[in-house]
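Student: With the hints as extra help, turn the sequences into a complete structure.
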Amino acid sequence: MTSWRLPRRLAQLYAGLVLYGVSMALMVRSSLGVMPWDVLHQGLSRRLGWSLGSVTIVVGALVLLAWIPLRERPGLGTLSNVVVVGLAVDAVLAVLPAPGGLAGRAAFAAAGILLNGVATAAYIGVRLGPGPRDGLMTGLVRRTGGPLGPIRTAIEVTVVLTGWLLGGTLGVVTVLYALSIGPLVHLLLPRFAVSPPEAVS
72 MTSWRLPRRL
82 AQLYAGLVLY
92 GVSMALMVRS
102 SLGVMPWDVL
112 HQGLSRRLGW
122 SLGSVTIVVG
132 ALVLLAWIPL
142 RERPGLGTLS
152 NVVVVGLAVD
162 AVLAVLPAPG
172 GLAGRAAFAA
182 AGILLNGVAT
192 AAYIGVRLGP
202 GPRDGLMTGL
212 VRRTGGPLGP
222 IRTAIEVTVV
232 LTGWLLGGTL
242 GVVTVLYALS
252 IGPLVHLLLP
262 RFAVSPPEAV
272 S
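In this note's numbering, the protein residues as written are 72 to 272.
Careful, some of the hints might be misleading.
What the hints assert, rightly or not - Ranges of calculated distance between the beta carbons of each label pair, as one might list FRET restraints:
id, residue 1, residue 2, range
1, R198, V246, 26 to 32 Å
2, G175, L150, 31 to 37 Å
3, G171, L250, 24 to 30 Å
4, I226, R144, 18 to 24 Å
5, L81, G242, 33 to 39 Å
6, A82, R144, 34 to 40 Å
7, P218, P140, 18 to 24 Å
8, R213, L260, 19 to 25 Å
9, L173, R214, 43 to 49 Å
10, A264, L219, 15 to 21 Å
11, A86, L258, 14 to 20 Å
12, G172, V246, 18 to 24 Å
The hints are simulated quantities; they were obtained by calculation from the structure and are not laboratory data.
Nothing here was measured: the structure is a model prediction, and the numbers come from that model.
Glycine included, each C-beta is placed from N, C-alpha and C at the ideal position.
Tutor: Dropping the structure here:
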């Protein structure tokens, strides 16, 4: 049944998306760099005078438009990702002060990366649709037949360089995140994966 464990899956989905926004805010407040896509979001935010969350939502919606020629199909998780993450990061940034000293900034950065791994595993684990940026990557892989690694790298290098040129923060956190998020999600995903029930014959 499609409704199997739906309340649990929805709760995990939205908890994961909110935590994703919290993790973004922690990295922003660390002032040591942000996630690759957030370099772009931050650069656009500074250029346009919009909040980081507003830019995140608009960029997510524009990326979804790129799904059309790739023939990717969004799910509830995809559409929720576009809106909830942006709202969450703005809400947290409104109340979260910047830490004092390098130790506090490093703690924020480490907590942000770890929490992002948990959040990513949580929302992917419910299998209600990938995030818009992940779907762009998988759609390009499927349509071009190219290898996932180089395609993901090309996308992230492009958004990082564009964001940096626009004034986004490129720092040690950007590099650490890029190196650690894959292994973190690989480790955590089995703990959050919601498997379908056994088929009944």
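Student: Which numbered conditions among the earlier hints are violated in the structure presented, ordered from lowest to highest?
Tutor: Violated: hint 6 alone.
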